[in-house]
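S.K.: Here's the letter readout for the chains.
4 protein chains.
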Amino acid sequence: MIHFINTGGTFNKRYNRVKGTLEVPLDYEALSEILKNSLFNQKYKITQIISKDSLEFTKNDRKLLQKTIQNIKEDKIIIIHGTDTMKKSAKFISEIKDKKIVFCGAMKPYEINSVEATANLFLAIGFIENSKNGIYIAMNGVVDSYKKIEKDYKNGIFYKKI
Amino acid sequence: MIHFINTGGTFNKRYNRVKGTLEVPLDYEALSEILKNSLFNQKYKITQIISKDSLEFTKNDRKLLQKTIQNIKEDKIIIIHGTDTMKKSAKFISEIKDKKIVFCGAMKPYEINSVEATANLFLAIGFIENSKNGIYIAMNGVVDSYKKIEKDYKNGIFYKKI
Amino acid sequence: MIHFINTGGTFNKRYNRVKGTLEVPLDYEALSEILKNSLFNQKYKITQIISKDSLEFTKNDRKLLQKTIQNIKEDKIIIIHGTDTMKKSAKFISEIKDKKIVFCGAMKPYEINSVEATANLFLAIGFIENSKNGIYIAMNGVVDSYKKIEKDYKNGIFYKKI
Amino acid sequence: MIHFINTGGTFNKRYNRVKGTLEVPLDYEALSEILKNSLFNQKYKITQIISKDSLEFTKNDRKLLQKTIQNIKEDKIIIIHGTDTMKKSAKFISEIKDKKIVFCGAMKPYEINSVEATANLFLAIGFIENSKNGIYIAMNGVVDSYKKIEKDYKNGIFYKKI
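Quick mapping for you: the protein sequence lines, in order, are chains A, B, C and D.
Just remember that the working numbering sits 977 ahead of the position in the first sequence, which is counted from 1.
Just remember that the working numbering sits 977 ahead of the position in the second sequence, which is counted from 1.
Just remember that the working numbering sits 977 ahead of the position in the third sequence, which is counted from 1.
Just remember that the working numbering sits 977 ahead of the position in the fourth sequence, which is counted from 1.
For reference, chain A alone in the conformation it holds in the complex (with noise of 0.2 angstroms):
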């Protein structure tokens, strides 16, 4: 079983057609929405904490995240993130050596282009099938650790260190 714990980001972003702007909900529907359509035999759980962009969290937001992994008792489990601040997370809980972690996101809200956020979470979903325990980044195609995978920010775009 995975257990999947949405952090907010862009991955989440809606937009608020009264005040004009994307906003980071406090659910988790487009998760909820991609799962409906594509994960139909398998059982998984939700986590949703702090539902913020990544570039707002705090010290505390990544004590509530490390605290949270280590109070669930599967070993598979799947982190929404914002990107800008995604692998400074990974490092912050890089003392939890028991499980398989995989963070994942999107670089476009899943309102605005579904197939981008469907294709991140399914490769963090297909890569943690069987790998091991480990803190990984699944972004844009590439998937490894979190170590060897960086954003390139001019682009917008995830990409492997060779």
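If you're looking for bench data, these hints aren't it; they were derived computationally from the structure.
Watch out, some of these pointers could steer you wrong.
Just so you know, same-sequence chains aren't split out, so a pair can sit in one copy or run between any two.
As the list claims (entries may be wrong) - Think about it this way: if two alpha-carbon atoms lie no more than 25 angstroms apart in a straight line, the pair counts; the simulated DSS-like pairs of lysine-lysine are:
id, residue 1, residue 2
1, Lys1040, Lys1020
2, Lys1068, Lys1137
3, Lys1125, Lys1109
4, Lys1053, Lys996
5, Lys1074, Lys1128
6, Lys996, Lys1029
7, Lys1125, Lys1053
8, Lys1128, Lys1020
9, Lys1138, Lys1109
10, Lys1077, Lys1053
11, Lys1125, Lys996
12, Lys1050, Lys1137
13, Lys996, Lys1077
14, Lys1036, Lys996
15, Lys1065, Lys1029
16, Lys1109, Lys1022
17, Lys1137, Lys1022
Given the coordinates of chain A, work out where chains B, C and D should sit on it, guided by the hints.
M.R.: Chains B, C and D in isolation, oriented as in the chain A frame:
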């Protein structure tokens, strides 16, 4: 590098506005559109063969599939295939022992449900990253050796035998 | 107030994931979904009849359509109808002189191309606002008396005779 | 022939994957995509000016809009405009008496909700077909003289004053 073989099936079906019917096209437009939106920093190849509903596959079609795989030098191969005889084709090529081969497809055309098709494809892409040599099926959130995956024809869902 | 009569046709077609075919459903889900996203402050009614591909309409079906219209007290009526015999049905009910009746539909199912279906429907809604009594067809950006609109069966497009 | 003037506003907004924000682009890509899928046999022209959120329109912008309209020889004009000051612009150009002018836009970007944007645009297209000269607003299913249409800023919906 991943080598995709596109053989047709529901995944690729498109609506013909003049005839008013869904057709399996001779191209890989659906696959291209997904990869364009989601696989930014990966190199890959695409080979197009057969282009049929999998109920219409003949023995010669399966021999062509087998030969195509044997001639490919990459060891990571993802096959887009109709769902009705996906398992039959997997068994047919099971003499091939030196590659990682993952079959996937969709229960609804990409043109109608982009999330399901994308999810199945990226389940395969994530899985192949660290799988052993073998022949696998990735559908509806489950992925394993083709021997362990079955299609529930009544409900239109793939599941894992326990 | 606009009264919609939904009779079936391509506009409504949905993919059945088990059978693998497109079906004309017995409901008006496509219509509801468009109106929910776009008609916020208007009251309207929906009547569902026939629910067929318009090539399969019988004389009795057209009599039912005629009777349904005659029993409706609103004078603004929009009919969702298959494209192949839309004009034939318009002619069949042409004895009705005291209402504004606009036929529309789609060359691609709403499920596949939401823009075309929405465009045809709202072409009708905008047109009916200040049209005179009469029977009209609104398709592919052209709208006029049903006598002046023709389907180009070869290219799958409606046009206005000059 | 209809002449579209695209001035910007929510209708056109697109997500910038690098900056992570919604921007009003300098082009009319959203409009083109809708018309490509729905206006098959009609000739039309598009003029692009201003390209701003309508809250940022200056007096000079409105003078430019006025002059642009006066220089257009077609008498059917549809203006894509931000919703916040759509009515203000309509009033500003109300000295123009010899044309049919319909303002429309969207509460959600076309990139996020293609149905709403398409519906508003085609409400305008259908309405202009047999309207008298005048200045109108077409939004959320209601269309009438700009004097009779109001934006409910609290709920983000346009309505007709009674």
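S.K.: Please name the hints from earlier in the document that this structure breaks, with their numbers sorted from lowest to highest.
M.R.: 1, 4 and 13
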